[in-house]
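Trainee: Since the structure of chain A is already known, use the hints to place chain B on it.
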Amino acid sequence: MNSTILSTGIKLLVPLFVIFSLFLLFRGHNAPGGGFVGGLVFSIAFSLYTLNYGVERTKEKYKIQPFKLIAWGLLLAVVSGLIPLLAGESFLTGLWYEDITIPVLGKPGTPILFDVGVYLLVAGTILSLIFTLWEE
Amino acid sequence: MLTIILIGILLAVFAPLFYKIFKANTGKFLALFPAAGFVWFVSKYNEVANGSIIKEAFDWMPGLGVGLDFKLDGLSLLFAFLITGIGAIVLLYAGTYMKAYKKTDRFFVALLVFMASMLGLVLSDNIISLFVFWELTSFSSYFLIGFSHDKEESRDSALKALLITAGGGLALLAGLIMLGIGGETNTISELLTRGDLIADSGYLHLAMILIIIGCFTKSAQFPFHFWLPAAMAAPTPVSAYLHSATMVKAGIYLLARMSPLFNGTDSWNATLLVVGGTTMLIGASMAIINADLKKILAYTTVSALGLLTMLLGIGTEMAIHAVVIFILAHALYKGALFLLAGIIDHQTGTRNIRKLGKLFKKMPYTGTAVLIACFSMAGIPPLFGFISKEFTYAATLDMTVNSPLTTSAFFIAGVLFTAAAGMLSYIVFFGKRNRLKTQPTEAPFSLVAGPFLMAVLAVAFGLSSGLISPLLNQASLAIMPETIELKMSLWHGINTELILSVATVTIGFLAFLFIYLNPRFMASIEVSDKIKTSHAYDETMSAVVEISTRATKLIQNGNLRNYVFIMIAVFCLLTIWVLKDFSFPGINILWSDFRIYDIVIGLLMIVACFYAVMAKSRLLAIALLGLVGYGVAFIFIMFGAPDLAITQILIETLTVVIFVLVLWKLPKFLIFTEGFIKFRYFVISAFFGGLMTWIVMIVTQYPLDSHLKAYFAENSYLLAKGKNVVNVILVDFRSLDTLGETVVLGIAAIGIYALVKFNKSEKNKQI
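These protein sequences, in sequence, are chains A and B. Heads up, the first sequence is in the numbering used here, so the first residue is 1 and it goes up one at a time. Heads up, the second sequence is in the numbering used here, so the first residue is 1001 and it goes up one at a time.
In short, the hints are calculated from the structure, not lab data. Model, not experiment: these values are computed from the prediction. Careful: at least some of the hints might be erroneous.
Claimed, not checked - Derived DEER-like restraints, expressed as beta-carbon distance ranges:
no.: 1; chain 1: B; residue 1: 1641; chain 2: A; residue 2: 62; range: 30 to 36 Å
no.: 2; chain 1: B; residue 1: 1264; chain 2: A; residue 2: 86; range: 44 to 50 Å
no.: 3; chain 1: B; residue 1: 1021; chain 2: A; residue 2: 19; range: 37 to 43 Å
no.: 4; chain 1: B; residue 1: 1548; chain 2: A; residue 2: 9; range: 46 to 52 Å
no.: 5; chain 1: A; residue 1: 65; chain 2: B; residue 2: 1577; range: 44 to 50 Å
no.: 6; chain 1: A; residue 1: 102; chain 2: B; residue 2: 1152; range: 52 to 58 Å
no.: 7; chain 1: B; residue 1: 1638; chain 2: A; residue 2: 9; range: 28 to 34 Å
no.: 8; chain 1: A; residue 1: 57; chain 2: B; residue 2: 1540; range: 48 to 54 Å
no.: 9; chain 1: B; residue 1: 1723; chain 2: A; residue 2: 57; range: 38 to 44 Å
no.: 10; chain 1: B; residue 1: 1170; chain 2: A; residue 2: 65; range: 33 to 39 Å
no.: 11; chain 1: B; residue 1: 1723; chain 2: A; residue 2: 19; range: 19 to 25 Å
no.: 12; chain 1: A; residue 1: 79; chain 2: B; residue 2: 1686; range: 48 to 54 Å
no.: 13; chain 1: A; residue 1: 57; chain 2: B; residue 2: 1663; range: 19 to 25 Å
no.: 14; chain 1: B; residue 1: 1398; chain 2: A; residue 2: 91; range: 48 to 54 Å
Each residue gets a CB set at the ideal place from its N, CA and C atoms; glycine is no exception.
Excised from the complex, chain A in its bound form (with noise of 0.2 Å):
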């Protein structure tokens, strides 16, 4: 598939498209967001590339590994929930750091911990999805 139009776009948007996800990650708590929608903006924008350039140049030109970000996602998820438990809570139990607020953010603890792991982990699905039935 070769179009002159969205392959000179897509290498501009690629970091838009990556920084826009980052943002629609971190302000999910408290407008509409999230981890889910950040994962799925991420890999639209690599989908988009490889349309284009294929899989082989989109792996060599940001190493991107899905099932790396899959396996990076859930410990990132699992992590969030085990520190409760060495705070003496249950498992999963959101724990913040009251005293700051960070812009956009708000206030920092375990459950952003927890939607950055389902943002990584969304995105290397659907990247694998896409790379795997690519390459097929």
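Mentor: For chain B alone, coordinates are given in the frame of chain A:
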């Protein structure tokens, strides 16, 4: 105690990292863990030997009565010593032995997980945590048996062991839960005192049967014994550790632990006695018709486990004493023999006793250790095995009924044990023939040291049994609360036990000579290869595969439209069945409620649907369906659900992209369906649409506000510090659900990868 177990698990997680740092010395480094554990348990020795019981309790799921409760009494401490002590020896040994294998780091991971969970198993005082650790040992055993996963034999054996032990584990779970319900507590030490309460609930008998099944599968009792010899496909350190000294004794441990509750029930004693006795005889006779060192050891292990079960079945004071003594004696000599068999294999390249001989001069240390261990196995004084044998004879002679039968069964087993010991030691080290191509040398210190130490301990405990008797005394008290004190000594005077013991060894030696001096017997010794002990298992497995293949071919014939048709049809039928009591609600639509853009988007979607059905090209149809999806997203926006709308739009976009990727490979145009089939799809679609409309109408009849909605809206900012309720529900209030869903997503990704990549030969069959 929890700390030790957790350290073990943590070490397992980081074992690959340590392997990168320490390389070949990983085994030595990791052996520090069980060694430290051993020292800790030694520090508790005096306390336990004096009769006190050390307890620890941690809440896990207090609402369900599930806790990480640990209890250290004599029986637990005996097993803890075996697990940590032999564990340290095995890790040291494995560091050298496993050099020939690849990916050794994984081996250490599984071995450490096993070690930690086995410790958890013998220390647990809660039925649920006991079961969790029980299953963990089964899983780690599966990974260890199948360690050489590129060999079919290893994979089969691993699966066999897993299916048998984990299947039995399910029976055990059911049995334990029944005990918990009947005794109204999940704590084992309390359950053991509540026999009457459990009996009143009516669960006692069924629970007993289920627990017996669980223990029999784990401890390789007849008719489940066949998995243990097959498990010899594992690397030798694993066989020594899991399949002789520790894991297979988990069943024995649990039977012993449950003895205060069940001992005295006729069916309990009879079952254990008969099954144990049968297993003992089968194992012993299979042992002497094998030529493979490890197989001989495996069958004698089966036999020893049978003996332990039989003794628990006898259930008298003497028998319980014999149990605890034999557990220790067997772990020492059999663990050592396995490790030594591994050394012989490692140095000579074969485990076939017909090829081995005249090794003593070349491997003097290994040979000495084997001789000592074999003497202990045959029950020759002054070794610990002798004391064990004396006690067993005392127990069988002491029985009120069936004493002659049981005594003679043990006599036969003892004779066969002696013969097997002769085959292991004499043929290999002094046998006349040596058919090896290269001449072996003595093994390095790190291999011989461990088993040599175990052999020395067998001598030490034999000579001064007072060293260990306080512990064994406490262990038997845990199995049978009111026993007289256990006293061991080598010399009891000339009595029936001694005469029987001497006769056993003598006849055993004659039997060995008969086998060894008779060339025809030696030649035909491998007959056991032809005996299929697991025939029923093989038949069942192939039947399961056959039935699933047929079912799959019938239901999943590869026509995707058929799948969708069946799914929707089943859904419709089920929905109708659920909703059959609801009537059709009246339609009261106020046209003035509609806004102009509602109507525009609605019309747009209807038109898109219509053209999607009529489209002659797949691409067009998909683009039109995308339009419908975006319409839905618009509706979400208009009714104030921006999160849903964003997700919907992104998913639609991705769906189109993925479809395009798939369609790439398919023909552009085709006639989808014709005639009757088309009609069928039309009917089911119309029906489905109508049904969904009906559901929506029913739902709107009921008020929509629930207290959950109010709760989430109120507490999302107060408790979870987030203003976006949808997101807060996803990542905080219901985060366990989300975690589950993300795991499913990850598995789906791996599944699709596997489907596409590994199924290339069959891809042409798909539409």
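Trainee: Between residue 1638 of chain B and residue 9 of chain A, is the Cβ distance one that fits in 28 to 34 Å?
Mentor: Between residue 1638 of chain B and residue 9 of chain A, where Cβ atoms are some 30 Å apart, the hint holds.
Trainee: Just tell me: holds or violated, for the beta carbon distance of residue 79 of chain A and residue 1686 of chain B against 48 to 54 Å?
Mentor: 50 Å, holds
Trainee: Falls inside 33 to 39 Å, the C-beta gap from residue 1170 of chain B to residue 65 of chain A?
Mentor: 38 Å, holds
Trainee: Starting from the range 19 to 25 Å, see whether the pair residue 57 of chain A and residue 1663 of chain B falls in it by beta-carbon distance.
Mentor: 22 Å, holds
Trainee: For the pair residue 1641 of chain B and residue 62 of chain A, does the Cβ-Cβ distance stay inside 30 to 36 Å?
Mentor: 33 Å, holds
Trainee: Between the beta carbons of residue 1548 of chain B and residue 9 of chain A, is the distance compatible with 46 to 52 Å?
Mentor: With a Cβ separation near 50 Å, residue 1548 of chain B and residue 9 of chain A satisfy 46 to 52 Å, so the hint holds.
Trainee: Mind checking the hinted window 44 to 50 Å against the Cβ distance between residue 65 of chain A and residue 1577 of chain B?
Mentor: 47 Å, holds
Trainee: Just tell me: holds or violated, for the beta carbon distance of residue 1723 of chain B and residue 57 of chain A against 38 to 44 Å?
Mentor: Once the Cβ atoms are compared, 41 Å apart, the range 38 to 44 Å for residue 57 of chain A and residue 1723 of chain B holds.
Trainee: State, for the Cβ atoms of residue 1398 of chain B and residue 91 of chain A, whether the hinted interval 48 to 54 Å holds or is violated.
Mentor: Because 52 Å falls inside the window, the suggested range holds.
Trainee: Regarding residue 1021 of chain B and residue 19 of chain A, is the given constraint of 37 to 43 Å on their beta-carbon distance met?
Mentor: About 39 Å separates the Cβ atoms of residue 1021 of chain B and residue 19 of chain A, which means 37 to 43 Å holds.
Trainee: Given the range 48 to 54 Å, decide if the beta-carbon distance of residue 57 of chain A to residue 1540 of chain B lies inside it.
Mentor: 51 Å, holds
Trainee: Is the distance from the Cβ of residue 1264 of chain B to the Cβ of residue 86 of chain A consistent with 44 to 50 Å?
Mentor: At roughly 46 Å between Cβ atoms, residue 86 of chain A and residue 1264 of chain B fall inside 44 to 50 Å, so the hint holds.
The structure is consistent with each of the numbered hints, conforming to all of them.
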